[in-house]
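Listed below are the residues making up each chain.
4 protein chains.
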Amino acid sequence: MTRFSAAVAGVTGYTGMELCRILAGHPNIDLTLATSRTEAGKQLQDVYPFLRGLPLGSLAITAPSAETIKDSCDLAFLAVPHGAAMDLAAALYDLGLKTVDLSADFRLHDKKTYDAWYALDHRHPELLAQAVYGLPELHGERIKSARLVANPGCYPTSAILGLAPALASGLVHTGDIVIDAKSGASGAGRKPAQATLFCEVSDTFRAYNLTKHRHTPEIEQEISLVAGEALTVSFNTHLLPINRGILSTIYTRLTRTISPERVHELYENFYKDSPFVRVLPPGCLPETRHVRATMFCDIGLCLDARTNRLLILSAIDNLCRGASGQAVACANLMLGLPLTTGLNFAPLMP
Amino acid sequence: MTRFSAAVAGVTGYTGMELCRILAGHPNIDLTLATSRTEAGKQLQDVYPFLRGLPLGSLAITAPSAETIKDSCDLAFLAVPHGAAMDLAAALYDLGLKTVDLSADFRLHDKKTYDAWYALDHRHPELLAQAVYGLPELHGERIKSARLVANPGCYPTSAILGLAPALASGLVHTGDIVIDAKSGASGAGRKPAQATLFCEVSDTFRAYNLTKHRHTPEIEQEISLVAGEALTVSFNTHLLPINRGILSTIYTRLTRTISPERVHELYENFYKDSPFVRVLPPGCLPETRHVRATMFCDIGLCLDARTNRLLILSAIDNLCRGASGQAVACANLMLGLPLTTGLNFAPLMP
Amino acid sequence: MTRFSAAVAGVTGYTGMELCRILAGHPNIDLTLATSRTEAGKQLQDVYPFLRGLPLGSLAITAPSAETIKDSCDLAFLAVPHGAAMDLAAALYDLGLKTVDLSADFRLHDKKTYDAWYALDHRHPELLAQAVYGLPELHGERIKSARLVANPGCYPTSAILGLAPALASGLVHTGDIVIDAKSGASGAGRKPAQATLFCEVSDTFRAYNLTKHRHTPEIEQEISLVAGEALTVSFNTHLLPINRGILSTIYTRLTRTISPERVHELYENFYKDSPFVRVLPPGCLPETRHVRATMFCDIGLCLDARTNRLLILSAIDNLCRGASGQAVACANLMLGLPLTTGLNFAPLMP
Amino acid sequence: MTRFSAAVAGVTGYTGMELCRILAGHPNIDLTLATSRTEAGKQLQDVYPFLRGLPLGSLAITAPSAETIKDSCDLAFLAVPHGAAMDLAAALYDLGLKTVDLSADFRLHDKKTYDAWYALDHRHPELLAQAVYGLPELHGERIKSARLVANPGCYPTSAILGLAPALASGLVHTGDIVIDAKSGASGAGRKPAQATLFCEVSDTFRAYNLTKHRHTPEIEQEISLVAGEALTVSFNTHLLPINRGILSTIYTRLTRTISPERVHELYENFYKDSPFVRVLPPGCLPETRHVRATMFCDIGLCLDARTNRLLILSAIDNLCRGASGQAVACANLMLGLPLTTGLNFAPLMP
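Protein chains in written order, with this note's numbering: chain A, 1 to 350; chain B, 1 to 350; chain C, 1 to 350; chain D, 1 to 350.
What the hints contain is simulated information worked out from the structure, not anything from laboratory work. Only a predicted model underlies this, so the values are computations on that prediction, with no experimental measurement involved. Some hints here could point you the wrong way.
Some, not all, of what chain C presents toward chain A, calculated at C-beta under 7 Å [stated by the list, open to error]:
#1 R21
#2 A24
#3 G25
#4 P49
#5 S186
#6 D203
#7 R278
#8 A293
#9 A346
#10 P347
#11 L348
#12 P350
Glycine included, each C-beta is placed from N, C-alpha and C at the ideal position.
The shape of chain A in the complex, shown without the other chains (with noise of 0.2 Å):
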């Protein structure tokens, strides 16, 4: 069986944790290389308990570095912050690397949108067209031969599933689209803030960066490329006391009559051939929990008739599908692997 050796740049984080628990299973791809600028000289298991008595858990984290990455890995997640990510990268890439982002630093074609969105001068916008939206429903084919990967981000990858279809098909309004989307906690990240203390999530709810999510463009992007127009939607952003999870609820307005049925057809053959959608049958919801830990972007999909609209629900596990997961789907593809290879993971219930 082909192996493959893999560096994880950034290794401490929900993602960097995430990439170990799914890697620890992959019968294809060895985590070989951990890389972490403040936790180098430990083990991984002295970071993370929860590897201890599993191969993965005695590998040494090192100081980042692309020439070692590159001289002894075949490719390379990076894990590190936005901004960070980019300079990174560009070495990777330069060296011939291969490599998914897993930060926002190449999902935007644009680099006028990228800079407004993120405050930030991009340092290599060369690299913007040539990385590839790692989206594998939408390009997976252009993920295989692709040397920079940019991962999705976690709402984008559950909206724009939502949205593609209906896109796709002319079936709804293309200004007229609201994205209600509420998250779990994990996807603020590991690093120490007052807002995302236990005593600050628990048993409350609260929206947050209403109309200014950095993934808006990200979703415009890509649905305006499956509608064939530019599109300006409403994205705006909940956060969910829950560890992991995203749940899109989706206001669109039909352009025709149609029947549940049909809707649920259409959606049904435009995923035929992506193991990972699971479009559920009229008069079932997705839930979070039900895509728990699992590669699964579940669909629902709803007509009130009353409005005229189709209500879209879309839900997948922000950490799993929606960061480390979908970057590992990448790598398959990158690496000449199907798709699904150690990915195919069951729910956690409960």
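For chain A, the structure is supplied; the task is to place chains B, C and D on it using the hints.
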């Protein structure tokens, strides 16, 4: 100090529990009669151990009877299920006792609408016109002289208070309103059911009852009155893994250009005499915990220039403001007491 | 690769659910027959929407019958309640089918003890001596040749594994053992009950069944075997507002002076051939999430010099290690497969 | 009605927050001065949005100064960290201002013990003998005339109240006491830290600080006074995924045979003049939610005939009874007010 005696019919359940908590500290209303068919013969503290040591704890639970209630009380709170409440309310109405019905039985003015949404044949349609919808901010004067008050539903309280100022001033289009509402699990009641077991709600999130929630016609009735035209809204509900709290994210389209400060002023002005409504300054968003255990409805306002929308966020405690506390506020008005008597709760944080 | 067919009797419930999750990915055991009286006629995915899209999802649920099970399967998992399991287990035993009973019906060797603690008259006492207590670390060899395995209870799994090395080596006094155990809510089962509603468990904590939990005699039976004398323990249980996980804090008194390193070594040595037990280094304490969704039993050891005690902390996932996963481990051994087949789960974090 | 002015030094943090909640409704004590080095210049409602709309909300936060506090207030609550509190307390003591220190700085009578457990050199040891340990049930009379009150720790409040009656009556052995304590996350404070992020606490459970928790000497000091001999206890702490609440499960050995009713009577008698202690009847166990947001300490008693033990369960709200509410109770006594003034909270359920 004037003292009144009150009965709670149907004391076992979360709204009955919350009435106990509130009335335990009310300076003018004494809970002197508590009824429950299943628990008659016990003391309140047998059913609610948390009441032990409080004067209410030793109150005997009895079986319901309209005459007994009328004979010993100045006012009755009905916390029995809809369908069951209507007969008791009618009996008390005939006996001339002031009554606040926490069920849905008298909220809708139109029998056909009630029958259709609740799949029942309303047995006392003549009282639908007599009952006053118990939202103090909109119907305070009528509540004062009402004999029968229909206590608003939890979701409607948050949605109507959020929308009223914008609709009253023609600030938003009436044909494009989406209410994305999220509620804590106490809204589902205390009756054992698999769907609301801890392991079915914790660490997960889901939508439910999409396009057919029974609070829809109640919201439409009240905001149509405010807007002066018949409105249809898209009202959609989700279950939060929290005990108490509703957050409604309401999407509207602006009819005119306006500044955040002006929107804030318009809302402040609308609620200038409403001590329970807190209009948050621009940039500030509500959280369910900020209203926990209180009568507050916190309203946040957010203009989205990119899509020309006004986002209205409205947070309440579904058990206090959205049920039992609101019932006591109505009772205060009906008994000639100041609205806020016994209801000046500070939020419990965290 | 050898393949075996397995039945799950009583598939609706958390242990049935977890058996589905585990067997969905097992390389050698196929779940081919799932029974439930109440859900017969449906497919598994109708009852468990999270299985949609997995091969197991379309498995038809049928009504239970020992003969049918025997005819089509190599092994049966009984996930029906105690009291009901004993007759089915006996029927399967007579038919010669290998059976793992997840209920308590065959865990106790002594009929009188069973009858007293479970308030039942055991109808198949002759099998109590035939059944093997399915704790692989203590009875691995006997499990391999067993026809009927009594799968251990969740609490006993954590308590026995925590105490065994200390008792086997005479390190602690046998007359002063206190087990303070805490469990997630899935241990209470999936049957609707007011006491396990979300709002009755969330954001709170309580003890229950003090001094009379039915797992007491099971713990005493097994640790008495290890210690070589009849032991009585103080075993006390609490309900945690989490889905999965048990943490037992076990208080013992030392019989001799010993260093933390020596205690650690003693435990390491005891479990040197037990891949599922992780003895944590001195200073490191277990957490339930570190074993979430896995077969691990994490054991932390803490010497209290001030009071001359050894504190033993033992964490497991009550559904996986404490029930369904352990049942599959026993099945592996009974079918001649390596113990860990299909059970090498990495913990789900967070 | 007599009115007093109070200061809160160190208003940002969970105990400061809780003091605001409690004093917002206190009939005789006005919070007129709130200090915080980091937030000086803001209004309370800027830091605590939940106070908006309440009179306290517009209180300006200032920088701390003993003289300013003395000049304008009748009493000061110190909610600053231990180590920092001692100097401020000493300054206020010298100025003659009544002070309740919520930190640990004056709880221990012995400087050496303080220095050893807190790894500090106490700078005002002369005040250790002046400070009164602020547990009203044990030291009510001395609190009334105290100038400096050391407000008890949260865990000690629950442990001492649970043990006192049994020790005072010689009912249990003094040499075999184990306290297995579990606390909600607010006990860890509001300072950002990775270990108390939502995703590190939610859906998990762990022990911490075993054998070395700083509340140990405080418990031992107070129960030794009650027992009349120097006691050593095994005190061990765990972190619960809840906001508020402590449950201590206390294991003791009986010195004599006694009935449950007699134990209950003994406890009832001990606390007959203590309105905040609720001794639960035999068979009834405390829950943290039953005391949520209140001053109650609920005590459950359970005799284990098999092991000759008395199990004592003691539940409090760590922020209210275990910190800020207890501080206000002490302030009430120091100001000549009835103990329960402004503290008759009914539990928030659910």
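Margin query: Output the indices of the hints that this structure fails to meet, ascending.
Written below: none
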